[in-house]
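> So the chains spell out like this:
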Amino acid sequence: MAIDNQFIQKTLTEKFGEMVFNYQDSYGMLSFEAPKEQNLKVLQYLYDEPTLGFQFLTDLCAVNYPDDKGRELAVVYHLHNLQENTRIRFKVFTAIENTDVFTASKLYAAADWMERETFDFYGVNFVGHHNLKRILNVDEMDYFPLRKEYPLEDQTRIDKDDEMFGRG
Amino acid sequence: MSRPVRFNIHPIEANIADAIGNAPSPEGFGGDGFFTARLSEVVGLARKNSLWPLPFATSCCGIEFMGTMGSHYDLARFGSERVGFSPRQCDLLMVMGTIAKKMGPVLRQVYLQMAEPRWVIAVGACASSGGIFDTYSVLQGIDQVIPVDVYVPGCPPRPEAILDGFMKIQELVGQESIRRRNGEQYKALLNGYGIE
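Sequence order for the protein chains is A and B. If you're matching positions, the first sequence starts at 252 in our numbering and goes up one per residue. If you're matching positions, the second sequence starts at 35 in our numbering and goes up one per residue.
The shape of chain A in the complex, shown without the other chains (with noise of 0.2 Å):
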């Protein structure tokens, strides 16, 4: 049986209700929401409930919304179920001063190096993840560098030569 995006939906309103929301269509694809203190229930559902099986992991990552208040991070997971090879994308949002988020690598075990990026570049702090640590970028960087704090370039510089590059 396939599935088709007006039935998950309808799944997960029956079994969620209010707590699932958002559901967006983009490109074919569907994408929704939870609070972030709910992200496991929702991912294990996705992943037991054998009408859905979304049980791979496509991709984690995090986007920053500097100025959407109160949840400026988005934690998305990319889930794929491929036996029907039908892609669905959940998000949760938190405050960037509270980073804290469940970690899926006891579910998911493509979540552990994904989720070590995901802190490594936007220091989303997942909580019981075993080894959170940066992954990709030099341990001693004390900041995060994708999250869309900094101007885009130092002005003040002088280890390049605007001449050289055509900008003098």
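A few of these clues could be false.
[Claimed, not checked] Below, in silico cross-link-like pairs of lysine-lysine (DSS-like), each with a Cα-Cα straight-line distance of 30 Å or less:
id: 1; chain 1: A; residue 1: Lys357; chain 2: A; residue 2: Lys384
id: 2; chain 1: B; residue 1: Lys136; chain 2: A; residue 2: Lys384
id: 3; chain 1: A; residue 1: Lys384; chain 2: B; residue 2: Lys135
id: 4; chain 1: B; residue 1: Lys136; chain 2: A; residue 2: Lys399
id: 5; chain 1: A; residue 1: Lys342; chain 2: A; residue 2: Lys399
id: 6; chain 1: B; residue 1: Lys202; chain 2: B; residue 2: Lys135
id: 7; chain 1: B; residue 1: Lys135; chain 2: A; residue 2: Lys399
id: 8; chain 1: A; residue 1: Lys292; chain 2: A; residue 2: Lys266
id: 9; chain 1: A; residue 1: Lys342; chain 2: A; residue 2: Lys266
id: 10; chain 1: A; residue 1: Lys292; chain 2: A; residue 2: Lys342
id: 11; chain 1: A; residue 1: Lys261; chain 2: A; residue 2: Lys292
id: 12; chain 1: A; residue 1: Lys320; chain 2: A; residue 2: Lys342
[What the hints assert, rightly or not] Cβ pair distances, simulated, as ranges:
id: 13; chain 1: B; residue 1: Ser74; chain 2: A; residue 2: Met392; range: 42 to 52 Å
id: 14; chain 1: A; residue 1: Asn376; chain 2: B; residue 2: Glu218; range: 43 to 53 Å
id: 15; chain 1: B; residue 1: Asn225; chain 2: A; residue 2: Arg398; range: 33 to 43 Å
id: 16; chain 1: B; residue 1: Arg215; chain 2: A; residue 2: Arg385; range: 33 to 43 Å
id: 17; chain 1: A; residue 1: Val378; chain 2: B; residue 2: Trp86; range: 45 to 55 Å
id: 18; chain 1: A; residue 1: Phe258; chain 2: B; residue 2: Ser93; range: 42 to 52 Å
id: 19; chain 1: A; residue 1: Arg385; chain 2: B; residue 2: Ile212; range: 43 to 53 Å
[As the list claims (entries may be wrong)] Computed from the model, here is a short list of chain B residues facing chain A with C-beta under 7 Å:
id: 20; residue: Lys135
id: 21; residue: Lys136
id: 22; residue: Tyr170
Read the hints as simulated data drawn from the structure, not as lab findings. We put the CB at the ideal spot given by N, CA and C, even for glycine.
We have chain A already, so just place chain B on it with the hints.
Using the frame of chain A, we list chain B on its own:
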């Protein structure tokens, strides 16, 4: 209109005499069966025509270097037939490609493992200055972690440019005083990089 070609548009006709390489003799005084010259020049002559390069290739400049090593451009003509892959045996560290900040300590370690005298050539925009990667994760030029003798610009440089840089290194090596590596200035240079 085709792109202007800057190299090898007037190739020199082959000449049998070119096939025999003769390093120019240093200045000195010679006669029947003897020759006197300054020791540093003789040492320089020997060193510069038997450089052992250590390629530290991380990206596209490394591919250009492979072309430089190949039969067409043939780096071996310059006496560096033997490309070593152990820093302990090599004289010339050729850094080709983007060096991420995480790679910096590795590069420095490789440099420290090389025995004196050692030279460094930064091939390409990334190794020289970070190039287009003006970003948080990339070292803005390897001269932030190790001293560099010759910079080869280009993105990536053509093999001719790498050979040109290599010949500049040979020039430096040939003219270097045998006392330079013991001098105060050299020690100060290394200390500037935190190397004892």
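> Does Lys266 of chain A lie within 30 Å of Lys292 of chain A when you go C-alpha to C-alpha?
11 Å, holds
> For the hint on Tyr170 of chain B, just tell me whether its beta-carbon gets within less than 7 Å of chain A.
5 Å, holds
> Range first: 33 to 43 Å. Now tell me if the beta carbons of Arg215 of chain B and Arg385 of chain A are that far apart.
Hint holds: Cβ distance 38 Å, inside 33 to 43 Å.
> Under the criterion that the straight-line Cα-Cα distance not exceed 30 Å, is the pair Lys136 of chain B, Lys384 of chain A satisfied?
Since the Cα atoms of Lys136 of chain B and Lys384 of chain A sit roughly 15 Å apart, the hinted pair holds (cutoff 30 Å).
> Starting from Lys357 of chain A, check that the Cα of Lys384 of chain A is at most 30 Å away, please.
With Cα atoms ~17 Å apart, Lys357 of chain A and Lys384 of chain A stay inside 30 Å; holds.
> For the pair we were handed, Lys292 of chain A and Lys342 of chain A, check the Cα-Cα distance against 30 Å.
Roughly 13 Å between the alpha carbons, so the hint for Lys292 of chain A and Lys342 of chain A holds.
> CA of Lys135 of chain B to CA of Lys399 of chain A, is that 30 Å or under?
Satisfied, since the Cα-Cα distance of roughly 21 Å is no more than 30 Å.
> Quick one: are Asn225 of chain B and Arg398 of chain A within 33 to 43 Å, going by C-beta?
This hint holds: roughly 37 Å between Cβ atoms.
> Just to be careful, I want the Cα atoms of Lys384 of chain A and Lys135 of chain B compared with a cutoff of 30 Å; is the pair within it?
With a Cα-Cα distance of about 17 Å, the restraint between Lys384 of chain A and Lys135 of chain B holds, given a limit of 30 Å.
> In this structure, is the beta-carbon distance linking Asn376 of chain A and Glu218 of chain B contained in 43 to 53 Å?
51 Å, holds
> With the threshold set at 30 Å, check whether the alpha-carbon distance from Lys342 of chain A to Lys399 of chain A stays at or below it.
Satisfied, since the Cα-Cα distance of roughly 19 Å is no more than 30 Å.
> Verify the proposed pairing of Lys342 of chain A with Lys266 of chain A, using a straight-line Cα cut of 30 Å.
17 Å, holds
Consistency note: the structure conflicts with none of the earlier hints.
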